[in-house]
Amino acid sequence: MRATRQKGQDDSEGDTRARYPTYTARMRVLLMRTCLSDAVAPSVWKATRRVLQRCGVEVTVPRSQTCCSQPAWTAGHPDQARAVARHTLKVFAGPEEVVVPSGSCAGMVVHAYPEMFKGEPEEEAALDLARRTIEFTQFLSKHGLDPGPGSSGPVTIHDSCHMLRVLDESASPREALEVAGCAVEEMEHTDRCCGFGGVFSITFPELSARLGEEKARAAVQSGAGEVTSCDLGCLMHIVGVAHRQGIPLRARHIAEVLDR
Amino acid sequence: MAAAQVSAAPVSTPLVEELLASLSRRKASGQVAAAGQAGWAAARWMADAGVTRAVLADDPLVQEIGLPDALRRAGIEVLTWPTGQAKREALGLEGPPDVCGVTVPALAVAERGTVVLEASAGHGRGIDVTSRHHVALLPADRIVQTLAQALARTFDGSRPVPSAVSLVSGPSRSSDIEKISTLGAHGALTEHVVVIT
Amino acid sequence: MSTWRRRDAGGVAYSDVEGTLRERTIVALSDRTLRGNLDTAATSWGEGRDAMRRDHGLDEMRERAREIRRQNIRDLPALLSEMQAKVREAGGTVVRAADGAEACRYITGLARARGVRVVAKSKSMATEEIKLNEALEDAGLEVVETDLGEWILQLAEEHPSHIIAPAVHLNRSQVADLFREEAGTDDVPDDREGLVAHARVRLREKFAQAGMGVSGVNLGVASTGTVCIVENEGNARLVTSQPRIHVAVMGMERVVADWDQAAHILQVLPMAAIGQDAANYVNLITGPRREDEADGPEEFHLVIVDGGRGALRGTEFEEALSCIRCGACLYSCPMWRSVGGQAYGSPYSGPIGAVITPLLEGPASPASRDLPFMSSLCGACGEACPVGIPLQDLLVRARARASSPATRTSGLAFRAWSRLWRHPSTYRTWMAGWRLMLRARGKAGWASHLPGPGAGWTQVRDMPTRWPPRR
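Protein chains in written order, with numbering that gives the first Met the number 0: chain A, 0 to 259; chain B, 0 to 196; chain C, 0 to 470.
Chain A on its own, in the form it takes in the complex (with noise of 0.2 Å):
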């Protein structure tokens, strides 16, 4: 099993494959990055490739990638939303299965989708890609792997609204935490909303920053010093007002307290 390195249309960088090479496996997955971890975090979709890596599972990185289209669907512009997302489903064509290191964008593509194309040519493609797509840990949990040992932590757990509700899911990053040897210290109505909400963090500002604000305190009272979550939006919101507030938080994403 470990053996051969992969040559694919995979635009990893030369460091993490030094250290990690990527394996013939029995399992192959094509990675979304998201958005947001282009944005703003790369580190993110690189670590939850090494992790999965060190799982024994072939990954690939769709270099033409670009958005799951969520902020024009939830603005309310599906027009403009269909036409992101047809590129999406383009990219994600193939039998594997869609590892997505974000509850979020997971959700969008699982439960909006079918939604946003039907009665459309690509109705079939989009329930397919739905049927393939899902989050970083659930697949982790889904399909038992163990990535060897983590983060030792203690690190507290934000439930993200599309994660818990959109995928019905709070089990998942909790086990792989468990597995990992990571220490959770879970803190007081973690399943409660951050008020991060995408395009809402920006139109209602003051609303948005009051819940993250009451999220970074129960964060912070957990005692674990360290917030993580299977959603980078909601991590970069909390501790975002956590430092204009001067709360001490630190925050990453699971798949960084997982990779070391």
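Derived by calculation from the structure, the hints in this document are not laboratory data.
By construction, the Cβ of each residue, glycine as well, lies at the ideal position given by its N, Cα and C atoms.
Some hints could be false.
As the list claims (entries may be wrong) - One-sided excerpt, in silico: chain C residues whose CB lies under 7 Å from chain A:
(1) 333
(2) 337
(3) 382
(4) 409
(5) 417
(6) 430
(7) 433
(8) 460
(9) 467
To be verified - Between beta-carbon pairs, the in silico distance windows are:
(10) C:35 - B:60: 45 to 53 Å
(11) C:465 - A:130: 34 to 42 Å
(12) A:245 - C:465: 17 to 25 Å
(13) C:70 - A:130: 23 to 31 Å
(14) C:14 - A:122: 40 to 48 Å
(15) C:189 - B:84: 30 to 38 Å
Dock chains B and C against the given chain A, drawing on the hints supplied.
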């Protein structure tokens, strides 16, 4: 009298027990009494509650259990529906404050502590809510398990639908101030169900 | 009293609210008392609801409730015809009103014709929606809200903040002050029991005078022509038994086929609304009092209001008509919990209000077109809804339908976005530019002023320019 009480001990059933438990959950109270003692039991409860006037539904059961007589002996004034009172007195704005409405439910729902009151010639729509206290005289065989059963029986199509059916589940309360439940908003402050076996 | 809650005719939203929706959220966020009161209320509701899920299987009841309500909406015309026929058979009058103005005209006309001076009301969202109180007052009638919470609001000259618990944003001492003012005496107790007892007597005086009682309808049962009015206080029973005339105002979607369906919905309603397995009083009214009965109204009028509901059938918003107005989505909503219902500027607040207010008013109404955007789409509402309305999906659809200068600007921005982001090369170029900008703006790993769309972000929070972010 004492001998009669001993000789006719009330017979309880699981449905009766469940109803009593539900009533207590609803901040109402209940007791089981044999037909021969039900009138006295109701009168005693009212006397203990400080009731000075009772407004009785005009139902044969009220006479059968000898309630008017028991009330008079307890010194409680007895009015029978329709009372012919002026509106202000009927609403408790005039006259004695501690009035008790006495109803005879058509049915009761064990699992949620509900009595089903039907309006009729002898049974006013407002007997229980206009009074400060409410006593319901409930023959034990009228208890059903679920709300669905009670509604199916009440509206079974075999007779004209009563103009008003009231499902009463405990004393009146309001949570409008600070979301904390406070008893006695508009209707009765107390509710007591005498289950007659 | 004559000026309270003034609104213009037409439209559902209140026209006397000030500022934009965002400005109203800022005002509400600065009100510490309000936040405390809302938190107390939502927490208490949450505990009750958890108990209902645990002890009564509330979650398991949802699927059937959803099926019943969806079927009701599909069968609506037939159910309404049956309802109408049965009410008439029982001696009642049925009026179908196309809109609120028509409903108000009928009710005020009836009150005038019968020489009514005082109208006693029990809590009703439908009458709040159609602005009945204003119409009755304009006709020279005295209107008294008899639900304790609604009466408090009437005295405070405020709009309700919750479907079920309208005065939930006020605390006990605020209520005591209002009662003292109304009674013209300081002799009003401060404790909750005392306040409730005080209101009981004051309102019974009104019941003694009222010539007409106006109630809402939680549920109409078509098979027998019965209206179900659910309450805890007993005031709805007084409203439906004391005055000579009872007018019930029902939104046209609130009808079920039979008693089997009604039983299920009547069980679900209090569980979701107040975290109890039964409301204290459910009044099931079928027509006026019969000839041999000694109390109860001589006349019963059922006013069925369309008000834009009928047009929603068969659309992507049809499921909004399933709503049983329990208020669970309000309590569950982090936005509602933070700012309360009054900031929404509509009788219908919270997630369901943000969906239906603009639907009933039209997508370009300045009073309500921003409402669907005041949500993080967290989905807590859909999870709480006992009839399974996918509220966050409806919010997204309502956004797509909204029309305002803001949506037009955002439409242009997203058109440009879509052009750039559907091609990998332009996407990568955009990203490279963005990251350069971030790096240029960042100091010690953080940016606190970003240009363009980022400005909304940095107004209240910093943007990490490195990830993982530095402390």
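Comparing the hints with the structure gives:
The beta carbon of residue 333 (chain C) comes within 4 Å of a beta carbon in chain A, closer than 7 Å, and the hint placing it at the interface holds. A distance limit of 7 Å between C-beta atoms decides the matter here; for residue 337 (chain C) the minimum to chain A is near 6 Å, and the interface restraint holds. A distance limit of 7 Å between C-beta atoms decides the matter here; for residue 382 (chain C) the minimum to chain A is near 6 Å, and the interface restraint holds. The interface hint given for residue 409 (chain C) is met, as the beta carbon of that residue sits about 6 Å from the closest beta carbon of chain A, less than 7 Å.
This hint holds: residue 417 (chain C) has a C-beta 4 Å from the nearest C-beta of chain A, less than the 7 Å allowed. Nearest Cβ of chain A to the Cβ of residue 430 (chain C): about 5 Å, under the 7 Å cut. The hint holds. Taking 7 Å as the C-beta cut-off, the interface hint given for residue 433 (chain C) holds, the closest approach to chain A being about 6 Å. Because the closest C-beta pair between residue 460 (chain C) and chain A is about 4 Å apart, less than 7 Å, the hint holds.
Interface hint at residue 467 (chain C): satisfied, since its Cβ lies 5 Å from the closest Cβ of chain A, which is below the 7 Å cut-off. A hinted range of 45 to 53 Å holds for the C-beta pair residue 35 (chain C) and residue 60 (chain B), which are about 51 Å apart. For the hinted restraint 34 to 42 Å between residue 465 (chain C) and residue 130 (chain A), the CB-CB distance of approximately 37 Å keeps it satisfied. At about 19 Å, the CB distance of residue 245 (chain A) to residue 465 (chain C) agrees with the hint of 17 to 25 Å.
Taking 23 to 31 Å as the suggested C-beta distance range, the pair residue 70 (chain C) and residue 130 (chain A) conforms, at roughly 29 Å. For the pair residue 14 (chain C) and residue 122 (chain A), the beta carbons lie near 43 Å from each other, so the given range of 40 to 48 Å is met. Between residue 189 (chain C) and residue 84 (chain B) the beta carbon distance is about 34 Å. The supplied range of 30 to 38 Å therefore holds.
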